[in-house]
Amino acid sequence: MLRQLLCAGSRRSILRLQPFSTIKPTDDGDLKEKAKVLNHADVPIIDYEDPDYLPLPEYPLRPDEPLEVRKQRLIYQSRKRGMLENDLILSTFVARYLKDMDATQTAQYDQLINGVTNDWDIYYWATNVKPTPPEHDNEIMRLLKEHVANSQREQRICQPNL
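If you count the sequence shown from 1, position 142 lands on 213 in this note's numbering, and the numbers rise without skipping.
Bear in mind the hints are in silico, worked out from the structure with no lab data behind them.
Remember, predicted model here, so these are calculated numbers, not experimental data.
You can trust all of the hints, since none of them are fake.
Derived CB-CB ranges, DEER-like:
{"#": "1", "residue 1": "Y168", "residue 2": "Y195", "range": "17 to 27 Å"}
{"#": "2", "residue 1": "E120", "residue 2": "N199", "range": "30 to 40 Å"}
{"#": "3", "residue 1": "D190", "residue 2": "A166", "range": "12 to 22 Å"}
Beta carbons: idealized from backbone N, C-alpha and C, even for Gly.
Let's have the full structure, built from the sequences with the hints guiding it.
Listed below in structure tokens is the structure:
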């Protein structure tokens, strides 16, 4: 064991003695200019006055999207939320109700899951922890709250099969 420590120690000291440089000195001695790190990002860095403010992009509206294509997109988006709680709630909700929704109801559901910037808000509204804001208090939200209440005591521990 002592032999391993001595060998490892000598290797470390050898490595420490070896100089590491990515810039080779030249005759002009202009190392500072060569070592300067540039930001090659296309988007300029913006310093906001309010450090808690983070602008979020608007969800693009798709007015010409056919109803069946929209429903398929909503099935995918309901299953891939990024938090398991909403994955289970929304995927089981969509499996049960989406096929019977008309264009208006589908648009309301699309606005609910894609217009809200925080998925925890959807969860808290659906579970009645927080009051639902008026712009999302519609037929779909009432149906979702009823679904979350689970009066039939269905077992919803995994997402439904596709």
